[in-house]
Amino acid sequence: MAHLECPSALEDILDAVLLAIDNTWTSLESKIDMVSSDLGLLHADHGKLADRVTLVEQTVMTLPPRMDNLDTALKELMDRVRMLEQRAEDAEGRSRRNNVRLVGLTEGAKGPKPMQYIKTWLCTILPLDTSPVFSPLSKYIKYRTGVPLPATNSAMIPSLPR
1 MAHLECPSAL EDILDAVLLA IDNTWTSLES KIDMVSSDLG LLHADHGKLA
51 DRVTLVEQTV MTLPPRMDNL DTALKELMDR VRMLEQRAED AEGRSRRNNV
101 RLVGLTEGAK GPKPMQYIKT WLCTILPLDT SPVFSPLSKY IKYRTGVPLP
151 ATNSAMIPSL PR
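Anchor point for the sequence shown: position 15 equals 15 in this note's numbering, and the numbering is continuous, going up by one each time.
Among the hints, erroneous ones may be present.
Claimed, not checked - Pair by pair, the computed Cβ-Cβ distance ranges are: (1) Asp71 to Arg94: 32 to 38 angstroms; (2) His46 to Thr24: 28 to 34 angstroms; (3) Trp121 to Arg96: 20 to 26 angstroms; (4) Arg66 to Leu28: 52 to 58 angstroms; (5) Asp12 to Leu42: 43 to 49 angstroms; (6) Pro7 to His46: 42 to 48 angstroms; (7) His43 to Asp22: 43 to 49 angstroms; (8) Ala20 to Met61: 55 to 61 angstroms; (9) Val60 to Gly40: 27 to 33 angstroms; (10) Ile21 to Gly47: 22 to 28 angstroms; (11) Ala16 to Thr54: 53 to 59 angstroms; (12) Asp38 to Ala16: 42 to 48 angstroms.
Note that these hints are calculated values from the structure, not bench results. Positions of the beta carbon are idealized from the N, C-alpha and C atoms, including for glycine.
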């Protein structure tokens, strides 16, 4: 740069200003390079995120048909559970229909052979022949009918022979 005739003080100031401009320019170039590098990284991250958003959108678009299938399967399974519950309740009711409820027997009155006692007791109460009527009474199943266990020889308990 050609200098005009200036006093030396002005030349020193001019050199200092030119040096400051040079330093500022170098600093700006390095900062612009850093920002450019960061923008490149952000652009790459943005591309990855855009791909992920696209994948999520595609997955969300497939959910309604899958939910419809699950709703249908759930309805079918609930219907099946209801049907099985009804069948179990019916079977339980049918099995209890064969029971005879005997009320008025004290605890322990049946002794060590409850089936023999019940056969004998029913034959004395009812005019029945023991052989044909009581042949299915080969097993004795005793159910308590909702009352707590009474004290020994104190109260009557219902018995359910089958």
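So, going through the hints one by one against the coordinates:
1. Asp71 to Arg94: 32 to 38 angstroms: Between aspartate 71 and arginine 94, where Cβ atoms are some 35 angstroms apart, the hint holds.
2. His46 to Thr24: 28 to 34 angstroms: 32 angstroms, holds
3. Trp121 to Arg96: 20 to 26 angstroms: 21 angstroms, holds
4. Arg66 to Leu28: 52 to 58 angstroms: For leucine 28 against arginine 66, whose Cβ atoms are near 56 angstroms apart, the range 52 to 58 angstroms holds.
5. Asp12 to Leu42: 43 to 49 angstroms: 44 angstroms, holds
6. Pro7 to His46: 42 to 48 angstroms: Given a distance of about 57 angstroms, which is not inside 42 to 48 angstroms, the answer is violated.
7. His43 to Asp22: 43 to 49 angstroms: 31 angstroms, violated
8. Ala20 to Met61: 55 to 61 angstroms: 60 angstroms, holds
9. Val60 to Gly40: 27 to 33 angstroms: This hint holds: roughly 31 angstroms between Cβ atoms.
10. Ile21 to Gly47: 22 to 28 angstroms: Since isoleucine 21 and glycine 47 have Cβ atoms about 38 angstroms apart, the given range 22 to 28 angstroms is violated.
11. Ala16 to Thr54: 53 to 59 angstroms: Since alanine 16 and threonine 54 have Cβ atoms about 56 angstroms apart, the given range 53 to 59 angstroms holds.
12. Asp38 to Ala16: 42 to 48 angstroms: Given about 33 angstroms between the Cβ atoms, the range is violated.
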